[in-house]
Structure formats: C-alpha cells, structure tokens
Amino acid sequence: MLTYTLKRLLQGVVTVWFIATVTFFAMHALPGNPLESEKGMSETIRANLDKKFGLDKPEYVQYFTYMFNMVKGDFGLSFKHENRSVNSIIRERFPVSAILGILAIVFAGLGGVLWGALTAIYRNRWPDILIIILVIVGISVPSFVFASVGQLGLVFLNRFFGTTVLPVAGWGEISHMLTPALILGLGTMAFLTRLMRSSMLEIVNADFIRTARSKGVPPTQVFAKHQLRNAVLPVVTVLGPSIAGITTGGFVVENIFGIPGLGQYFVLAVQQSDYGVIMGTTVFYGAFLVFMVILVDLLYAWIDPRVRLE
Amino acid sequence: MTDTIVPPPAPPSEGVATNVIPGSGKQLAWYFLYGTVGLVAIILVLGYLQQEFTVGNINQAAVDYETNSINLVLSEEPPQLDSGTATDSVSGMLLGHVMEGLLRYNANDELIPGIAHDWEVSEQAARFHLREDAFWSDGTPVTAHDFVFAWRRALAVETASQYAFIMYPIKNAEKVNRGELPTEELGVTAVSDYELEIQLERPTPFFASLTAFTTFFPINEAFYKTRGDNYATNAEDLIFNGPFSMVHWAHDASVRLEKNPYYWNKDAVRLDAINFGYILRDSEARLRLFESGAIVFAGIAAENLDKALEKRWLIKEHNSGAVYFTEINHRPERLTANWNLRRALQLVNDPVELVNKVVKIPGFQPGESIFPTWIKGVDGYFRDEYPMKEHVPNPVLAREHLAKAMEELNLTSPPTLTLLSGDNPTSNKQSEYFQAHWRKHLGIEIRIDRQIFKQRLAKMQSGDFDLVLAGWAPDYDDGLTFGDLFASWNENNRGRYVSEYVDKNVRIAQNSTDPRERMEAFNKVQHRIYDDVAIILNYESGSLYVIDERVGGVSRRVIGADPDYAFAYLIDEES
Numbered sequence: 001m002l003t004y005t006l007k008r009l010l011q012g013v014v015t016v017w018f019i020a021t022v023t024f025f026a027m028h029a030l031p032g033n034p035l036e037s038e039k040g041m042s043e044t045i046r047a048n049l050d051k052k053f054g055l056d057k058p059e060y061v062q063y064f065t066y067m068f069n070m071v072k073g074d075f076g077l078s079f080k081h082e083n084r085s086v087n088s089i090i091r092e093r094f095p096v097s098a099i100l101g102i103l104a105i106v107f108a109g110l111g112g113v114l115w116g117a118l119t120a121i122y123r124n125r126w127p128d129i130l131i132i133i134l135v136i137v138g139i140s141v142p143s144f145v146f147a148s149v150g151q152l153g154l155v156f157l158n159r160f161f162g163t164t165v166l167p168v169a170g171w172g173e174i175s176h177m178l179t180p181a182l183i184l185g186l187g188t189m190a191f192l193t194r195l196m197r198s199s200m201l202e203i204v205n206a207d208f209i210r211t212a213r214s215k216g217v218p219p220t221q222v223f224a225k226h227q228l229r230n231a232v233l234p235v236v237t238v239l240g241p242s243i244a245g246i247t248t249g250g251f252v253v254e255n256i257f258g259i260p261g262l263g264q265y266f267v268l269a270v271q272q273s274d275y276g277v278i279m280g281t282t283v284f285y286g287a288f289l290v291f292m293v294i295l296v297d298l299l300y301a302w303i304d305p306r307v308r309l310e
Numbered sequence: 001m002t003d004t005i006v007p008p009p010a011p012p013s014e015g016v017a018t019n020v021i022p023g024s025g026k027q028l029a030w031y032f033l034y035g036t037v038g039l040v041a042i043i044l045v046l047g048y049l050q051q052e053f054t055v056g057n058i059n060q061a062a063v064d065y066e067t068n069s070i071n072l073v074l075s076e077e078p079p080q081l082d083s084g085t086a087t088d089s090v091s092g093m094l095l096g097h098v099m100e101g102l103l104r105y106n107a108n109d110e111l112i113p114g115i116a117h118d119w120e121v122s123e124q125a126a127r128f129h130l131r132e133d134a135f136w137s138d139g140t141p142v143t144a145h146d147f148v149f150a151w152r153r154a155l156a157v158e159t160a161s162q163y164a165f166i167m168y169p170i171k172n173a174e175k176v177n178r179g180e181l182p183t184e185e186l187g188v189t190a191v192s193d194y195e196l197e198i199q200l201e202r203p204t205p206f207f208a209s210l211t212a213f214t215t216f217f218p219i220n221e222a223f224y225k226t227r228g229d230n231y232a233t234n235a236e237d238l239i240f241n242g243p244f245s246m247v248h249w250a251h252d253a254s255v256r257l258e259k260n261p262y263y264w265n266k267d268a269v270r271l272d273a274i275n276f277g278y279i280l281r282d283s284e285a286r287l288r289l290f291e292s293g294a295i296v297f298a299g300i301a302a303e304n305l306d307k308a309l310e311k312r313w314l315i316k317e318h319n320s321g322a323v324y325f326t327e328i329n330h331r332p333e334r335l336t337a338n339w340n341l342r343r344a345l346q347l348v349n350d351p352v353e354l355v356n357k358v359v360k361i362p363g364f365q366p367g368e369s370i371f372p373t374w375i376k377g378v379d380g381y382f383r384d385e386y387p388m389k390e391h392v393p394n395p396v397l398a399r400e401h402l403a404k405a406m407e408e409l410n411l412t413s414p415p416t417l418t419l420l421s422g423d424n425p426t427s428n429k430q431s432e433y434f435q436a437h438w439r440k441h442l443g444i445e446i447r448i449d450r451q452i453f454k455q456r457l458a459k460m461q462s463g464d465f466d467l468v469l470a471g472w473a474p475d476y477d478d479g480l481t482f483g484d485l486f487a488s489w490n491e492n493n494r495g496r497y498v499s500e501y502v503d504k505n506v507r508i509a510q511n512s513t514d515p516r517e518r519m520e521a522f523n524k525v526q527h528r529i530y531d532d533v534a535i536i537l538n539y540e541s542g543s544l545y546v547i548d549e550r551v552g553g554v555s556r557r558v559i560g561a562d563p564d565y566a567f568a569y570l571i572d573e574e575s
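Sequences listed follow chains A and B, in order.
Note that this note's numbering gives residue 270 to position 270 of the first sequence, counting from 1, and the numbers run on in steps of one.
Note that this note's numbering gives residue 118 to position 118 of the second sequence, counting from 1, and the numbers run on in steps of one.
Do not rely on the hints blindly, as some may be mistaken.
[As the list claims (entries may be wrong)] In the BS3-like style, the derived pairs of lysine-lysine whose C-alpha atoms are separated by at most 27 Å in a straight line are:
# : chain 1 : residue 1 : chain 2 : residue 2
1 : B       : Lys376    : A       : Lys39
2 : B       : Lys171    : A       : Lys51
3 : A       : Lys52     : B       : Lys225
4 : B       : Lys454    : A       : Lys52
5 : A       : Lys51     : B       : Lys454
6 : A       : Lys57     : A       : Lys72
7 : A       : Lys57     : B       : Lys459
8 : B       : Lys459    : A       : Lys52
9 : A       : Lys51     : B       : Lys225
Read the hints as simulated data drawn from the structure, not as lab findings.
Note that the coordinates shown come from a computational prediction; the quantities given were computed from them, not determined experimentally.
Please take these sequences and the hints and turn them into a complete structure.
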C-alpha cells in the first residue's frame, strides 16, 4: 500500500510540473503583451513595466525563475491587481469557492442519490418520467441561465413577501450561499441522478440480490444494505473529480451572485493575460484536481485490493 | 431543497415491475429524512466556516436615513488604489472620493480649489498656494512635500506607472521616467510647507486641470514608508485627505467609505457614509439588485434597455465622453493607403443610421468630429464655436472614388478588406453592419477578424489590419487629449497616419497659451482628419443609468471620479 501511495504521489508531482510548464509556454505564446492596455504606451513606460514584472528577461530565464519561486511556494504578483500577491489572492479567495463548492457537491450528491433511487424504484411510472425530464433540463441548460433565472426568482420572491427572504446577491451569511450553491450543483445533480438510476437498475437483477431475497432477508434490508450501498459506489467514484470541477467552475455563478471566489480570477486572468494569476490559479487548481484523483484512487485501492496489483 | 420533498406513497405491490424490492419506497423516505437532517447540519457548519474564514458584504438598505448613508455596487474589485499607478475607472472613482488633489471639479465640471486655495500658471511655471487647514485622516497636515513625494514617485522607473506620461509637462519628467535623471531633478519644489512651485517643460495652458487627476494626488511620505510594498493593498494601508475615508475594504466583496472628519471642507459633505455593499461584474445582476431595492444606482447596458423601459423607470442619459471611429491602416503596403478608396468608404458611411438603427441606445450621438461635443472652446464649447462641415452620405460619388481607386491600384474588382474587431456582442453587431453596408454600396468584401481584447491590441499595434473598430476616451480636460491622437509620433496612432499639416497644428496647440490660436489649430486638425480620411467617425458614446429618487447631488462627469457621490445628499422622506 505504501509503495502504491508513493508511486501515485510521484506521478502527481510530475503531472503538476507538466501542467505548470505547458501553461507557462502556452500563456507566453498568446499574442499580445499582458501589460498592454487600450491606451498605447511609450517605449519608456513599457520598458519600466516590463522591468517591474520581469518581462525584460528571456523567456527561459523567466521560466526557471518562476519554477524556482513556485517550489518555494511563491506565485509572484498579479499583473492587474499590481500590488497584490497571487498567494494572497488564492489564500483569501479559495476558501470562498471551497465552501460554496462543498455545499454544491452536498446538494448534488444527496439529491443525485435520492432522486436516482426514486426513479429506479418507480421505474417507468410518473415520478420516474418527471424526474428524468428534469434531469435532461438540468444537464442541457447552461448554468448562467439557471443563475439568471434563479436570481430573478429571488427578486420576485422578496418583492412578494415585502422583505428579504433570500438575498439577491452577496456573501457572508448562510442565506447568501443557499441559492448559488444549489444552482452550482444542479448540473452535477442531474448527472448523478442518471448515474444512480442506471446503477440501481443494473444491481437489482444481480445474483447477490436474488440470493439475499431467496434466503429470506427482509426486503427493506435488501434494499438498504445490498442494492443502495452497491449502487452508490460509482457515484462516489465520480464525486472526487466533480468536487474539483465544481470548486473551480464557479465562474458564472460567482459573477452573477457577486461571490468573492477564486473562479472569477481563474477565468478573467486568461482574458486579461494576467500571467501571475493564470499561473497561480492553474497550478493550484491543477494540483487540487490531481490530489482529488489520487485520493479517490487510494480509497479505491484501500477498498478493493485488486486495484493495487494492477 | 430537493431532499425535503416527501416521496409519493409506495405503489401497490402487485402492479410493480418484478425487479423492484417491496418496501423500498418507505425506506427511501427515511433516507430523505436523514439526508435533510444531515444537510441542515452541513449547512450550519459551512455557514460557521464562511463567517470565520471569508470576507463578506456589508449589508444595508439602499437609502438609510438613520445612518444618513447610501448603498451602491461596484462593477469590479478595484484593481489599484495606489494613486500613482491607478489607471481604471473603478479605482479612479473610489480615489476621487477619498483623496483630493490641488484642484477638483465641481458639479458643473468647473475647476475649483481643492487642497490649493490659489494658483497661477504661466508659460514656464505654475505656483500653487495650499490651504493650511487640510489634514490627512491620521491628523497630520497635508503639505507641499506630500505632492513632491507623490509626483517624484509616480515618475520613478521602479514605480512603472502607466499614466506617467500625463506628468510629462513638468520639467524633466520624461527624463526622470526614463531613468536618465534622478527623481530629485523633477521640476517640482516645495517652496514652503504650503507653497508648491512647478517648472514646466513646455507651456501647458491646461496644467491646472491636470492637477485634479488621480496621478497628481498627494501621498503622505511618512505613512507610505511604514507600508512599503503593501501600500494601498488594504484599507489600513492607505490614509486619506478627501471628503471620505475608506474604513473597510473586503476584497471582491465590498468597500465602505465614511465621512472624513479631517477633510477641510467637511461641512459641504452631507452623507455620513457611502457603502459599496456589493462587487458584481454582471451588468444584468446589478440591475436586478437595483430592482430589488438594494442599491441606489445602476448603469443600463444595451442589452438591458428594453427591460428597463418596461419597468417605466426614470432613465437618465450621460455623455460618457469617448469617441468611436473606424481606424484605417495608412501603412504604404496597404490598399487603404489609397485616398480614393478611403474616401469611398467614408462617403457611404452613415453615422446617423449606425446610431439609430444599429447601436439603438439613447445618449449616443452620430460622430462628426474627432473632438467630441463636450470639449471646451474659447468661451463655450469648441464644437459650437468651430462647427464641423456636414457629412452627407453619397453612394454615387463614392462609387466614382472607388473606380478611381481601382484604376490607381490596378484592380479589376472591388478589393477585399480586413476589418479587425473585438469579440463581444456590440462589436459583432457593428462589424456585421459595416460588412453588409460596404458590400451593398460599394461591392467591397469585408473579412471580419474577430479577436479577444489583448490579441486585438497586439494586431492593432503591429498593423495587421486594414480597418479596425476603435475608440478613444479622454485622459484630461483639454482638446489636446483628442487633438494629438493622430500626430505622427503618438503611439495610439495605430494606423500610422502621417500628416505634416496635422503635426504642425498639434504643435501649435501644445505650445501656445492663446486659447483662440489653439482652437484655430484644433479646427484645422478636425477638418484635415476628415478630408484626408485619416479615420472614419462613427459615434460619441453615451451611457444610461437609473438612480433612486431619494438621492440628490450626484455628479456624472467625463473626466475624473464618475459617478461622484462626494457631495450627494438624501432627499427628505416627507418632501
């Protein structure tokens, strides 16, 4: 188990290094100077800016400087928010995205499992059909539509009651995170519902279910201990990567609900060619995703010894 | 939310498909219950973490009579609150509320005393007399030394300020900025604590108006030294000499300003606090906040106009000061270097149609001159004193010019031109309009080259276009901010338009202190730019906004802090 863990961790480090390198050169290959703005700059001012941000040196020197600092845990300065370090941006912003993401994943996970089980139990009857229609909507409608419609709904809700039932935007209290988290989790919830449904239906015909039932195990126990528990496994598998996906993919929801998360920086930095923030957030999220995948793998290996041998 | 729904009663067992385990529905209902309880627990834990480890908004009513304050939204996290390096409008707006330069603008866009109570500007020098009752928010006096420090710092090579050029009228400024002279050589001296003397590099008739600009704001050296690299990164890392102090800045969430008790003119400040409770990038979401009564001001983007009209809000217009045009590539290897071709394009161009049928936003005006309507002239407005000749679209004449151009360029059919454009709904709509328009009237094919912001800039810079949709927003309150745009040496002249005649007149406008002579020069520039078809004018942009009727005294301006709430007030509930 230890060898397996170490091997996976080493692979993870190499992956992160690879992500950092590819991002670095891809970013530099983008046409345009990151410090360029709509107003043209005189040679003097451009030279001063290049010097301040280290762009006056050859690319490979910049690369090694960056890598060296990164290993020390220093992601450098933001190009747009000139005096702020990327470290402080990640430190302040990531907890927000993480909290929102965790709640979204809880919504998605619980909702997905329960809806999925429900559709399987009432297969081909109206609850199944209704939920499957909703699932298709959830998968196909993009999150910015949900976010806008959801926010509009809040405006009407608050006006109807003449008071703030749920805030339209903002961050800081429990009431602020409910709607955005639900909307953020909707897509994943729909996906998990479908996954749960098919895995439930597959298992109900499995041999061990039949055996359990034939030897006289009470039906509720067969359902709870054999069917549900086994059907949930594939859901847990995809939960790992989707945690990373949801925590990083909050851009749209964060934008519309005014949530001070990292997702905004992740996306806007690319548009603004903010080298510091592009590198910082990509490497950070990359490492986060790799870590999540490793964690799931290790859990699997721990649960199922056959994985370790492969 | 989904988990609280009670499942429907279990169906009768005989009707159920054989592969369903009986009783599972009931069991699932229990799980729903457990799930709900678990969910509530998780929400409570996350809520605790949220309050402990993250920053939040400061919530308050849009108009709060009790605390005499208003609530607003920012369109983005202020990128830079260091007055020496700030370039964007959000930072400029905030700084305009918490800082004050030598002079400032009043509600009618007239220059009024700020930290300086008196001033003289001559051809070689300027002298400002500072008031002795101006203080920083830590109680120390604002002195001439604070200005000397801030200006030297803004021009220092290490500061790398993008707006350093705005200080170039000061003697030796450009050399200091290039690192050729030490910052001490900058032509600015504190004659005494309350007298500031400036040597000018060249006569600058509008120098006084520059001192109202962000880059010219003072910085308290002693305080700056205590913060070093962290200066201006948080509310605690700044001190203020303006009408308000920033008491709270939660990055990406909210900013709160409270009345500065040390401000010299505090009696004129009527609000006790300005709360920017939200930072929201999405313009539609900002409008929804206004609709829900959470904020007092919201801008209206083109795509939200219909919705705003439906609500029957009182929509106000504001000339935002920028001029938009189709910039033309004049580099000799380009087809567009041919005057007849440019003239043909210009002659079919119809700014009135563009504004009324394509842009369709009230507040926009058809572009007639490179100098927008708000630019001041000798006594009144420049454009009233020196009207531009009327532009009448003439497709017939245009086709004659096109035929001549084809002859000169040895072309057998109308050429294909590349139109570089931004990649956003507004640019797409306009570039497609131009494509159809020029094809219809001239048979010229337009290849639209859509690029995101930085890539478009890179292509503009390298001259990789025939035509590009561009615009210009002013830097300071003088015609020269537009007038020198197409001087051969200007780095914003991306089409490399070169005209000795224009250059000569720009120099006159730069060096003369006689208003009439300068305006004459600007008049020659505006006509020559039209006659030469240096660019094709499209429109002057406007902006629309809604504001809560309980708030008065908010100024909109083209230059400087906009919107300006510094002297705003609440209108009594009764009246």
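Are the Cα atoms of B/Lys171 and A/Lys51 separated by 27 Å or less?
holds (24 Å)
Proposed proximity, A/Lys72 with A/Lys57 (alpha carbon, max 27 Å):
holds (21 Å)
Next pair to validate is B/Lys459 with A/Lys52; report whether the Cα-Cα distance is within 27 Å.
holds (24 Å)
Can the restraint linking A/Lys51 and B/Lys454 be considered satisfied, given a maximum Cα separation of 27 Å?
holds (20 Å)
Do the alpha carbons of A/Lys51 and B/Lys225 lie within 27 Å of each other, as the hint requires?
holds (22 Å)
Straight-line Cα separation of A/Lys57 and B/Lys459 no greater than 27 Å?
Distance of about 23 Å is within 27 Å: holds.
Pairwise hint evaluation, A/Lys39 against B/Lys376, where the allowed Cα distance is 27 Å at most:
Distance ~23 Å between B/Lys376 and A/Lys39 Cα, so the pair holds.
Below or equal to 27 Å on CA atoms is what counts here, so check B/Lys454 against A/Lys52.
Holds. B/Lys454 to A/Lys52 sits at ~20 Å (cutoff 27 Å).
Below or equal to 27 Å on CA atoms is what counts here, so check A/Lys52 against B/Lys225.
The given pair, whose Cα atoms are some 19 Å apart, holds under the 27 Å limit.
Hint compliance for this structure: no hint is broken.
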